[in-house]
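Given the structure of chain A, go ahead and fit chain B onto it with the hints provided.
Number of protein chains: 2
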Amino acid sequence: MIVAVDAAGGDYYPQNPVKGAIEAVEENNELTVILVGPEDIIKEELANHEYDKKRVLIHDAPQVIGMDESPGQAVKTKQQSSIVVGVGLHKAGKCDAFVSAGNTGALLAASMFILGKLPGVLRPTIAAYYPTFKGFRLLVDAGANLEIKPETALQFAKMGSVFCEQILDISNPKVGLLNVGEEEAKGTELLKEVHKELKSLDSFVGNLEGKDIFPGKADVYVCDGMVGNIVLKFGESIPDMLEKMIGMAVQKMELSSEEVQRTQKILKTALSSFNYENVGGIPFLGVNGVSVVGHGGSSPLAIKNMIKSAVQTVEQDVNGKIVASLN
Amino acid sequence: MIVAVDAAGGDYYPQNPVKGAIEAVEENNELTVILVGPEDIIKEELANHEYDKKRVLIHDAPQVIGMDESPGQAVKTKQQSSIVVGVGLHKAGKCDAFVSAGNTGALLAASMFILGKLPGVLRPTIAAYYPTFKGFRLLVDAGANLEIKPETALQFAKMGSVFCEQILDISNPKVGLLNVGEEEAKGTELLKEVHKELKSLDSFVGNLEGKDIFPGKADVYVCDGMVGNIVLKFGESIPDMLEKMIGMAVQKMELSSEEVQRTQKILKTALSSFNYENVGGIPFLGVNGVSVVGHGGSSPLAIKNMIKSAVQTVEQDVNGKIVASLN
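Protein sequences, first through last, are from chains A and B. Heads up: the first sequence begins at 1 in our numbering, then just goes up one per residue. Heads up: the second sequence begins at 328 in our numbering, then just goes up one per residue.
These aren't lab readings, by the way, just hints derived from the structure by calculation. Keep in mind that the hints are not guaranteed to be accurate.
[Stated by the list, open to error] Within a straight-line C-alpha distance of at most 25 Å, the following computed DSS-like cross-link-like pairs (lysine-lysine) qualify: (1) Lys519(B) x Lys233(A); (2) Lys538(B) x Lys233(A); (3) Lys244(A) x Lys538(B); (4) Lys595(B) x Lys252(A); (5) Lys186(A) x Lys476(B).
This is chain A alone, in the form it adopts within the complex (with noise of 0.2 Å):
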C-alpha cells in the first residue's frame, strides 16, 4: 500500500504533512508514503525526524499551489506543483492514493482532470463530516456542486451511503434531504423533485431540517453544495465560537483559575467529537481514483487520519461499490 502525501498543502507545510506521513507509516507496517512537494524543504524537514528511511520517500515537486489560488488556473499553470504530480503519480500506479490538505478546489479539479470519473457517475462530490450526538455522518456535496438535479442528488445520496456503510461502519445508512420543512411537498420545485427521486431508495427517511443535524437523524444527508458548505463552515466556528463566549462568561463570573480550568476540560471532553483531526478527510466521491481532501488547517494527527482514511478507502473497495451501486 502506497500512498502519496502533499507535503506542500495546507497552512502548516511541511511540518505537519511530514509528521502526519511519518506516524502513519509508523502505525501500519504494510505502508509506504511518498512526500510529494519541493525536495529541499521536505528533506530540510524530514532531518528533524527518526523515521524508515524505505517507507518514506520523497518525489520532488517543486511548484506550490497556493490556498487562495483559483483552482483551475493554478492546475492548468502549474504542472509541477505538488497537487498536479501527486495525482499524476496515482494516475500512472505510482501510489495508491494521493491525499492533500492543500487548496480543496486545485485538488478537485486536478483529480477530475487527470483521474476522471468513475463509470455511470454523473458529477463527483465533496462530501464532509458532521458531528451529531451518533458520532460524525455524511453531509453531501459540501461544496463542489453548489447546484444539483434531482439525478445527480441521487447519486451523491448512492455514493455517500457507500462510504458510510465501508468506512463509518454503519450498515443500511439512512438518507435525509435538508430541507426547510418535512413535509413532502416543502421547498423549492426542485426541491420537490429531489425528494421524489430519492424516495426510490428504501432508505429514504425524508426531509429533514436544520434542527435535526445534530441529533443525527439521518447518516447521509443530500443537499446542494451552497447550502453544505455554509452549514459546514457555520457548524465548524462553534467550538471556536463557544470558547470565546465561554471565556467572556468566565470573566463576568469572576471564577478562580482552578474553576476555569476544569470547566475548559469539561467543554473539551464534551466537544471532542467535533474535533475533525480524529477524521481527517474525506475523498472525493465519484473520482476515477482514491484523492483525500482535508482542512487547510490539518495538524498531523488530522494528516495520519486522513491517510487511514485513504488506505481503509482502497482496501475496502469503496470505488467498486460505488460502481456496482450506481448500476
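Leaving out everything else, chain B in the frame of chain A:
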C-alpha cells in the same frame, strides 16, 4: 398604542400569550392589548391573573390554526381563526400591530393577503435574529422566499438595514452576502448577480462565509430563504445540543454535583446571548402593517418582548422608513 396578541398561537397557548400580554401592559402605561382567540379559554386563563381590565381586552376568534396546518389552506378556510381575525383587526385600524407565536406561514399568508405590501416592495420577507459576539444581528430571508432575485435581495438588504438601525440601534449597518467564499466571483451565477446588485450599497462588505456568522462580520446577512432557514434552525439547535453534550461529558468524567451545577451556570451565562426570549420576534418586513412573528415555543417573556418589538416598530415608523429607503 394598541397591540392585538394571538392568544391561540404557539405551543403554549393561552397561558404564555396571556401572561406575556399582561406583563407588557404592566411595563408600558401607554399600552393596551387585545387578546384574540376563543373567548372562553382566554377568560378562563385570565381568571388566574390580576390585571388592568381597561387595558387587557378580549376579541373572540373561535377558530385555531394548528402549527402544522398548510398556511394557504388554513387562512382560506378558517376565517374566524385568531390569526385571520387579528390581522383583520389591524387592517381595520382597531389596533396598531398584531403579534403571534403561531403558524408562521399562516401569519405571513394572512398578512400578505389582508394587509398587502408597502409601496415599492417586490416581496415581503421574514428576517431572523442570529446571535453574534456583538449581540443579535439579522439574517434575511429566513424562509419566506426560498428563491431570490438580485432586485429582491437588494430590497431585503435595505429593509433589514432599516430594522437594524431603528430597532437594534446600529448606525450604518453593514450588509454581507452569505456565500461559499469571499471572492467576488464565488457562488452560483445568481449569487454573482446578487453580489453585483448589492454593490450599489455603500454598506455592502461583500461575500461572507458560514464561519463569519458568529463573529458578526455583517449586521445584515443576505441569503435565500433555503439557506437562511436551514442555518437558522441549525443555529437554534446549538444550545440544546451543547447541554446534552456537556451532560454526556459530565457523566463520563464523574464530577460532583457541585461541579456539574457550576458548569451549567457557566454554560447558561455563556449562552445567554443565544436566548431568543430576550428579543422575542421580528415583524415581516415589507408588509403594509406591523405583523410580528415569534417562535412557537415562545415563553411569556418572549411574548412580552414581541409586543415590545411591535410597539417600537410602530413608534419608530419602520415602515415609513422602509418605503423611503426603497425610493
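CA of lysine 538(B) to CA of lysine 233(A), is that 25 Å or under?
5 Å, holds
Given the hint that lysine 186(A) pairs with lysine 476(B), test it: the Cα-Cα distance must not exceed 25 Å.
20 Å, holds
Restraint check for lysine 519(B) with lysine 233(A), where alpha carbons must lie at most 25 Å apart
20 Å, holds
For lysine 595(B) and lysine 252(A), compute the direct alpha-carbon distance and say whether it is at most 25 Å.
12 Å, holds
Holds or violated: lysine 244(A) to lysine 538(B), with C-alpha atoms at most 25 Å apart:
14 Å, holds
Violated hints are absent here; each numbered hint is respected by the structure.
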